[in-house]
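Novice: Taken in order, these protein sequences are the chains called A and B.
Each residue of the first sequence is one higher than the last, beginning at 1 in my numbering.
Each residue of the second sequence is one higher than the last, beginning at 1001 in my numbering.
Hints in this document: simulated from the structure, not taken from any laboratory.
Quantities reported herein were computed from a predicted structural model and do not represent experimental measurements.
Hints may be right or wrong, so weigh each one.
[Said to hold, decoys possible] Using 25 Å as the maximum straight-line C-alpha spacing, the simulated DSS-like pairs for lysine-lysine come out as follows:
no. : chain 1 : residue 1 : chain 2 : residue 2
1   : B       : K1317     : B       : K1572
2   : B       : K1375     : A       : K95
3   : A       : K273      : A       : K233
4   : A       : K99       : B       : K1572
5   : A       : K95       : B       : K1572
6   : A       : K233      : A       : K277
7   : A       : K99       : B       : K1227
8   : B       : K1655     : B       : K1576
9   : B       : K1576     : A       : K99
10  : B       : K1572     : B       : K1221
11  : B       : K1375     : A       : K99
12  : B       : K1317     : B       : K1221
13  : B       : K1317     : B       : K1375
14  : B       : K1375     : B       : K1572
15  : B       : K1647     : B       : K1221
16  : B       : K1572     : B       : K1652
17  : B       : K1317     : A       : K99
Listed here are the chains, written in short residue letters.
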Amino acid sequence: MPKVKAILSKVNIPSLPTISRRTLVLLWVVAGVLFVGLLVVLLRGHSFPLLQTRGEVASRQRDLLIFATVLAVLVLLPVYIMLFGFAWRYRAGHKRTYKPNWDGDSRVEAVWWGVPIIIILVLSVVTWVTSHSLDPFKPLTSTQKPLKIQVIALQWKWLFIYPEENIASVNEVAFPANQPVEFSITSDAPMNSFWIPQLGGQIYAMSGMSTKLNLKADVVGDYRGMSSNISGKGFADMTFTARALSATGYNNWVQHIEHHALGVEHLDMDEYKQLAKPGTSGVKYFHIHDPSIFDTVVAKYMHGMQSTDTDTASEDEDNHTHNVEGHMNTEDM
Amino acid sequence: MFASLLGRMEWHYFWHGWVQFGGQLAMVGGVLTLLAGMTYFKKWGWLWREWLTTQDAKRIGVMYIIVATVMLLRGFGDAIMLKLQQALASGHSDGFLQPDHFQQIFTAHGTIMIFFVAMGLMFGLINLVLPLMLGSRDVAFPLLNSTSFYLYVAGVVLANISLLYGEFGAVGWLAYPPLSELAYSPGPGVDYWLWSIQIAGVGSLLSGINFIVTILRLRAKGMTLMKMPVFAWSVLGSMILVVFAFPILTGTLFMLSLDRTLGMHYFTADLGGNAMMYINLIWAWGHPEVYILILPAFGMFSEIVATMSRKRLFGYKTMVYALMAITVLSYLVWAHHFFTMGAGGNVNAFFGIMTMVIAIPTGVKVFNWLFTMYKGRIEFFTPMWWFMAFATTFVIGGATGVILAVPAIDFQVHNSLFLVAHFHNTIIGGVVFGYFAGFAYWFPKIFGFRLHERLGKAAVSCWVGGFLLTFIPIYILGMMGATRRLDHYDPSLGWQSLFIVSGVGTLLIGLGVVFQIAQLAYSVWKRHELRDTSGDPWDGRTLEWSVPSPAPQYNFARLPVVVARDAWWEAKRGGKAIFSGAYSDFTLPKNSGVGVFIGAFVAMFGFAMIWHIWWLAVLALVGVATTLIRRTYEEETEYVVTADEAKRLDMKSQKAAA
Ligand code: HEM
Ligand SMILES: [Cu+2]
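Construct all of the structure, not just a fragment, from the sequences and the given hints.
Specialist: Set out below in structure tokens:
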């Protein structure tokens, strides 16, 4: 030990340079400006799905996001001004008033109870209204009937079933732009979350029940969709393309599959079981004769379930109105 | 026969690949070096007598902090691997981690950071100062305190053994079923996760009870609740949350373990199981948990800002009401973690609004700190730098939290990197900076010398700069639709440059960590120059600064009597003296190895449960029972310090200080 000490005492740790307060502030400002500059350069030309929305729901959600952000900035600004202002003005050595025993003033305190209360009140009203108006289960108002698409999350791919068209697809879902789409979503895998950011927010895909997501694309285009909830090894590849097509484009797409174009296979329960095996997948198309695959998948997990108060697929139609008002009672959760 | 004796243990669980091998080597190497060093320097007896079996809350606190710091390095190492992978794995490059390994790493990172770093630092700091602040000689139940610590260590040990033998959960830090059920995760990974936090969680619950009783029963004479330092209030709030929330965790994990070991169906997808139940329960614990962590940090800042501003805390009563309001409200918001489960407008709106309501008392606290600075004389020592770092970053986290609380917005950012940035913003900016501030602030009291100032400030600067550099790009990536927990992504998305910038930020945080280590090492080396001879290096306000540094084992030779808030500050300025009257006899707990043994047996039990070695599980439980029964036969568990002895010790320590 003494040897170690002797060696250590010879080591000369250079003392850190002293930096004046002003230089320090300047350094931070310069670093901040450089950082912002770097971000601007890096972000040029990249897409921001949450802001560059292409669907009615997503756009309303974006407006809400911007509104809340502006509100937040309005609160943060005075906080920062006071924080740095007070820190600077009242640093030790100042010649201003010093009131060591001043420990409260109910009028002043009332202000900072009051102001946040008012802001939160405003935001609460907005929250209440939009939680209902933007409820994913709620059908969108439109002159057109919604297109129904059933969605099954598999390990690690998405199966889309068109019960009225008798076709199905994997990792690609198409629909006409400007027509509302009603997705009924379940999972034959761990829990996933179904999300097409440019069209609107996500909803969980869970086994043994069906959740709903109502979306509408305003613009023709291909949009990225994915699962946002971890569901095992291949989860990062669980992406799909949502294709909002023109009316004719959509018809062609359906026809293409219906008429057994090259590579289109037949999907029955046996083939489904193959597909459901864990593994990632490219885009696939199927035609189907058995329109009940989705219901079968939901019902499969209901086995042994005693109560029937959960939102099962077989009750799907009857439950629909019930769904809209309070689709899952808290008891169901 | 032999095979079944070893449950489901198999050789191949030792080998996972070269990356893991590096980790294994580092861990085994570290432990062996430590053991060899202890043996070479013949320190085992000293370690056992002075530290392992101690009942002194301060020493237990130091041990918590040491373990938590080692775990911080591990958790940070995990974070670096995650960042490196995400910076690399775009397009054809798969990075250097297999998906399964990547998923184990973020699960381990989250679990370790929350349970073993944040909780460990929190309990450590509370142990260091709570009794001192209250004018007490110890916590209410010293043996229980030491047992809690060893349960925490048992959890730490199990979580880390998984690196050496077996695997960790690859299911995220809250292990949602059905993914965490047998059907999808049959291996021992989820069991390691489950038992390590189950055991540590029981320790937390016991600590919670201990500290509540300490606060309610062991305050100095004259210290009414409303004269108690705000830090003590914050601990009270936090521990109330612990006592109500941790049983939920215990129960939930217990049900999951029944599913996993006995094939039951509480949370499975089929046969009547309900995964949504698990998600509700785990967040009914999980949300209070984040407030369990942040409240003591708020308390620490309340002490630090007042002390450094040389001014009374502004709005003491408001601070207390705000703390208690947060305590109650934090039970009523858990469903904001799953707005996307489809509970409907009413439920979502209710939980969204309740969440925003919490922002009110939190905002009030921020304003009170600001007005504590106003018209003060602020000394910018390192703890105050941490406060500035906290105030600048935490409010952003608070603001993004309110944004996330609007369900319709949450649908778009849930499970995205925006969320990841938000919670790191509150946890690093709030909890971690808070605990670092508390550590720097109380360090001299415990060790008798100060930490080097400029190295500390360099560390703060790197942490804040690194934090912003890491997480601002992560917020932006969220806006670009990047989801969390991705081990690779398509290059056309244009995310890679941001991930790289963010990774550089993490390296800057790493530099901050290096400065912290350097600060500690340098301060230990220069401890004579940095010695705190006054016992009151910051011109403090509360009782802990009234005793010499390092605080003696018994804290107070004579118990203080107080008449005001900030009793020590007032006493120094001509108020009523806090120590008066004659010395009297008092008792102190004798050392005990009970905690060590219980911890060891429980770790053994956890290991047995993970690997299905039933006989070992039974044996371990018998071990716990035997230890407890033997303890009931011990007669002399305390020793008396006589009044004369107390006086002599007091004079001696005062002389040493002078
Ligand atoms: C020190 C700097 C830190 C860095 C650079 C960092 C980085 C990360 C990264 C890259 C992830 C994965 C993000 C993803 O899902 O894609 C993550 C997840 C997480 N981190 Fe940290 N982290 C840090 C500190 C902390 C601390 C101090 C805590 C808590 C006390 C924490 C708690 C968590 C949790 C709970 C998760 C979620 C794990 C999961 O997805 O299951 N982190 N962190
Ligand atoms: Cu929460």
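Novice: State for each hint whether it applies.
Specialist: Results for each hint:
1. B:K1317 / B:K1572: 23 Å, holds
2. B:K1375 / A:K95: At roughly 10 Å apart (the allowed maximum being 25 Å), A:K95 and B:K1375 satisfy the hint.
3. A:K273 / A:K233: The hint holds at about 19 Å.
4. A:K99 / B:K1572: Within the cut-off at roughly 17 Å; holds.
5. A:K95 / B:K1572: Measuring from Cα to Cα gives roughly 24 Å; hence the hint holds.
6. A:K233 / A:K277: The hint holds at about 13 Å.
7. A:K99 / B:K1227: 21 Å, holds
8. B:K1655 / B:K1576: 23 Å, holds
9. B:K1576 / A:K99: Within the cut-off at roughly 21 Å; holds.
10. B:K1572 / B:K1221: 18 Å, holds
11. B:K1375 / A:K99: 6 Å, holds
12. B:K1317 / B:K1221: Distance of about 21 Å is within 25 Å: holds.
13. B:K1317 / B:K1375: With Cα atoms ~20 Å apart, B:K1317 and B:K1375 stay inside 25 Å; holds.
14. B:K1375 / B:K1572: 21 Å, holds
15. B:K1647 / B:K1221: 20 Å, holds
16. B:K1572 / B:K1652: Holds, at roughly 21 Å.
17. B:K1317 / A:K99: It holds: about 19 Å lies between the C-alpha atoms, which stays within 25 Å.
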